[in-house]
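The listed protein sequences derive, respectively, from chains A and B. No gaps in the numbering here: position 356 of the first sequence is 1056 in the numbering used here, and each next residue is one more. No gaps in the numbering here: position 37 of the second sequence is 38 in the numbering used here, and each next residue is one more.
Calculated from the structure, these hints are not laboratory results. Keep in mind that the hints are not guaranteed to be accurate.
Label pairs and their in silico Cβ distance ranges [what the hints assert, rightly or not]:
{"hint": "1", "chain 1": "B", "residue 1": "49", "chain 2": "A", "residue 2": "757", "range": "57 to 63 Å"}
{"hint": "2", "chain 1": "A", "residue 1": "1346", "chain 2": "B", "residue 2": "7", "range": "55 to 61 Å"}
{"hint": "3", "chain 1": "B", "residue 1": "153", "chain 2": "A", "residue 2": "1415", "range": "51 to 57 Å"}
Part of the chain B face toward chain A, derived, beta carbon under 7 Å [to be verified]:
{"hint": "4", "residue": "5"}
{"hint": "5", "residue": "215"}
{"hint": "6", "residue": "218"}
{"hint": "7", "residue": "220"}
{"hint": "8", "residue": "265"}
{"hint": "9", "residue": "271"}
{"hint": "10", "residue": "272"}
{"hint": "11", "residue": "308"}
{"hint": "12", "residue": "312"}
Okay, the calculated bits of chain A under chain B, using three or more residues with CB under 8 Å as the criterion [as the list claims (entries may be wrong)]:
{"hint": "13", "region": "852 to 859"}
{"hint": "14", "region": "1403 to 1413"}
For every residue, glycine included, the Cβ atom is placed at its ideal position computed from N, Cα and C.
Chain residues, written in single-letter form:
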Amino acid sequence: MKESLGESSKIAFLGWLATVGTSACFLPTITNQSYFFYGASVTGLLVLLGIGLRLLRTPALLVVAAQLVTLAEMLILGFGEKLELGVLPTKATVTGLRDIVDSGMTVASEYAAPAPASAGLTMLVLVAIGVVGVLVDFFAAGVRRVPLTGLPLLTMYTVPVTALPDGVPFYGFLPGAVAYVALLLADERDRLSHWGRLVSRSTPGRESTAMDTSGLLATGRRVSVIAISTAVVLPIFIPAFSSSFLDGDRGTGPGTGDGPQLSFDDPMVSLASSLRRPEPVDLLTVSSDVVPDYLRLVVLDEPGPNAWRANPLDLGDTIPVSNALPRPTGVSDDVEPEQRQMTIGATAEFPQNSSWLPVPFFSQYVAIDSGWGYVPRDQTVTATTETSAAGLSDYKVTYSQSMPTREQLAAAGEVPADVRDEFAAVPADVPPGIERYARAVTSGAETPYDAAVLLQDFFRDSEEFTYDLDAAYGYGYESMTEFLQERRGFCQQFAATMAMMARTLGIPSRIVVGFLEPERRDDDGAYVITSDNVHAWPELYFEGAGWVRFEPTPGVGATLPSWAPRAVEPTASPTGPTPSLPTGRDLTEDPRTDRPTETPGAGATDGSGGGTGSAPSKGWLVLLAVVALALAPMALRRGIRRARLSGPIGAAEAAESAWLELRDHIRDLRLPWTGSMTPRARERAVTGLLMGDGEGLAALNRLTLSVERSRYAASPSTGADPASDAVTVMASVSQAAERGQRVRALLLPSSLVPDLRRAWESLLQSRRSSAPTPE
Amino acid sequence: MSSFDTLASVTSRISINIEKVIEGKPDVVRTAVTVLLAEGHLLIEDVPGVGKTMLSKALARSIDGTVKRIQFTPDLLPSDVTGVSIYNRDTRQFEFRPGGVFANVVVGDEINRASPKTQSALLECMEERQVTVDGTTYELQPPFMVIATQNPIEMEGTYPLPEAQRDRFMARVSMGYPLPRAELAMLDSHSAANPLDDLEPVADAAEIAKLIDIVHSVHVSEPVKQYAIDITSATRRSPELRLGASPRASLHLVRAARAHAALETRDYVIPDDLQTLAVPVLAHRLITGLEAQMGGRSAEQIVTSLLRSIPVPEPVSSSDRAG
């Protein structure tokens, strides 16, 4: 293991390039791409540290340990708080970091790519890049098993590959692949030039000081250019499985593909994806004698840095919907509920796995088969069995449309402490700017109700805020400041920000995901709720009136609630994929349209080409990753063999490569190839492995002669073909080996496995004897 | 390549010729021919009666050149070896009468019996390939080869060659006892008449000089040279040896390896050549340390074990990748 530190540093530097290049694969998955530069600098520092430590002849494993500790310290310095002496982590730091990681996990699992930037996600990505950087450095420069660096790089690469439904674009793949190939080339070239058989192309006959590897290098470049360009271009022409191939039966998730199968598993994500559909689909038909109210699906009441989340649901707290449903929280007993009815039917497009049933606020009875329970806390209806929504039939809801009055809201009493604690809590790390903003907007408000109206007006002022479905940031409180500056977004940002601002003013709030007032279909007069009607809005709590809906989102044509009107109505609704206002509020009879036939399961096949927006189920992914990992050594080994046997053009290089390949093949079979031997001595040793196969023996003899001539003769050419000789000998050796040995050699080629112990020992040895050792 | 074929045919003729009289010792014969082609001198060291003189005579006889035999005795004078100027009364001039060393092949029998003064006269001729008597220098005609025999057992009245002198010999071989079958065959062939009498020369001096030129064309690559130096320098570092191999030993090793490669019709030297020749070329130059003597380890054994520890030149650096 005696090699110059310059070479090892060069390899380390190329390893760093490979890590940074491969980290480009995250570019399409995160909106904020500053991570790339942080990752490059963090790994750069780690590699420099590695080079320095190796200069001091530190054992490779110690170098890795030092690098990992440094990585941890850099992350602590970058993300941790409450440090002791400015550097040492405390218990609070660890807790803080854990929270950051949790939030990063949440973002990673909740968002379709590209995920909004958040500290948590950035940190997770940095940890990944850092660890991969350390491993690459270890394999490349520490133990000089350069091909193995492909494994950590590949692992890193699989993350965005699984996250992106359409795969990683070429610019996420190319830099890493090119850098990896450069690393392999440099290493192989380096190894060949270690030994100085010196044939220079430019001055034949004269011996120079370095081995001429330009032929090898040129071939290597050619092969790699072809391989990489094939990898980039070929997939265009090859039909591939859509990712739905990997979906589990209920496998649905975030996605913004062309025809996503809608799901309400994660309401906000499906909200965005449903609004972004190029063509809306009908989800529900509603028969009602009046214009139906907003239908509610689910309540989100826990604000987080990146997203609002639903309160964990205890099915034990639900009330069977067949019972008379209790009055919503906070609605005073003075309010006499009306008894209106609507019949709701789900179309085939309605998610078959929805855990939530769309119902209006203040429902009193829901006539539906069992399997649904009423959540009194949220006034929503949830599935109590797994298959409730499958084969959902029409259901009739009796509800009250009674609306609070402005006077009633203005005179609302003190909010009960339990409601305040639960729904007006503001997390400690909410940016203080939000409260300042809220106070500025609502200055002059005398009551919470006034403040709420002012907030709604603030957002509805469409001169200021623009409805924009492509707003890239999330709706957690980390991105609210950005939203308030950019003033672009869609209902989820409007609803979340208004709810959060209300909370900073002490008004209990929550977000509801559901459906806007529906359109009336022209031909038969039924109200139809389409995927464009999916909506989110804030609900604010006023004692006596209970949870009151506000409508801060401009541009969707949603009318302002009667209890929270605005001084000046916007004159025209901006364009957007929005439903137009129902034109008539006529009280025509329910036309009772034909309801769409329900075919359970049809949705799965009908979703215009399969849910490209859905993430593959985890089990499949794990299985795939395991299979890929298990096959990786074989693939790597094959690649090396191909490069060795078809790459070099010079006779000397070809013979050396074929010899190396024969050596690795024999080692793969766990047969002996040890010690230092001359080609002839090696030939005698290998002859014993051939079991008297005449053809193999002849090929071995030719190959030995080729190698011998390439190493020691004045002119290496013998007219033999070392590659084909090597193939013959290897086939002969394989034939003589046992079947188990062959299988093991194929799947677990031991020539790839770094002999860590030996590397360790030789490192120790080189440390012990600082004096130059025998060559 | 054809020149190498010529070389092979001539040398095999010589070998076959020698093996007519020296049964069952092809290795020794091969080394002798190698030394001949490498322009070296050969020291044959063994107990009496195993055919030392027979070998040297057979080799000399096989070459149709001048062959002289000098029987070294304690009273042999340097001038007997080099020659002497005597006054010719007829021409009234001093006339040089060449000594025993003026020949293509000189057989120095029992060289350790001569006085150091005579020994060194011979050894100077060996090294310089010329003789200077009374201020006149006489060139020795190539090929010139000294085959000296030495008896290691007999101590009385002998002057063993000092280390520095042994260094002049390219290789030392020991005959060893013949295998029983070979000895039986020898009894048959030698009992009737002296087989040396039937030996016909199979090559002449000019032919041998040509072969030597061919040997010069054998390529020695950089790594092989390095390997030779690795081997000789390992003997200098070995704790078991009191005296290691000299730079001249490196030179002799490479020259012998060239000849060895040529004998195998190869136009380049491989490490195997060096491995084969390391013991005959190096062992006689080394002086074992006290520990090795106590442990009964000979210089030959030490060289063999050193060879095993020196990695052969290969295009890869780290030991575990060595193939």
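We went through each hint and held it up to the structure:
The beta-carbon spacing between residue 49 of chain B and residue 757 of chain A, approximately 59 Å, falls within the hinted interval of 57 to 63 Å. Taking the beta carbon of each, residue 1346 of chain A and residue 7 of chain B are about 41 Å apart, not inside 55 to 61 Å as hinted. Distance hint check for residue 153 of chain B and residue 1415 of chain A: the Cβ-Cβ separation is about 45 Å, which falls outside the suggested range of 51 to 57 Å. For residue 5 of chain B, the suggested interface contact is broken, since its CB lies about 13 Å from the closest CB of chain A, more than 7 Å.
With a least beta-carbon distance of about 14 Å to chain A, the hint placing residue 215 of chain B at the interface is violated under the 7 Å criterion. Hint status for residue 218 of chain B relative to chain A: violated, with the closest Cβ pair at about 10 Å, above 7 Å. At a threshold of 7 Å, the smallest CB-CB gap from residue 220 of chain B to chain A is about 4 Å, leaving the interface hint in force. Look at residue 265 of chain B: its Cβ only gets to about 11 Å from chain A, farther than 7 Å, so that hint breaks.
A least Cβ separation of about 5 Å between residue 271 of chain B and chain A falls short of the 7 Å threshold, and the interface hint therefore holds. For the restraint placing residue 272 of chain B at the interface with chain A, the shortest Cβ-Cβ distance is roughly 4 Å, inside the 7 Å limit, so the hint holds. Checking residue 308 of chain B against chain A by beta carbon gives a least distance of about 10 Å; that is not within 7 Å, so the hint is violated. Annotation: interface hint on residue 312 of chain B holds; nearest CB of chain A at approximately 4 Å, less than 7 Å.
For a cut-off of 8 Å, the count of residues in the region 852 to 859 of chain A with a CB near a CB of chain B stands at 0, and the three-residue condition is violated. For the region 1403 to 1413 of chain A, the assignment as covered by chain B holds, since 5 residues bring a beta-carbon within under 8 Å of that chain's beta-carbons and 3 suffice.
Comparing the model with each earlier hint shows violations of hints 2, 3, 4, 5, 6, 8, 11, 13; every other hint is respected.
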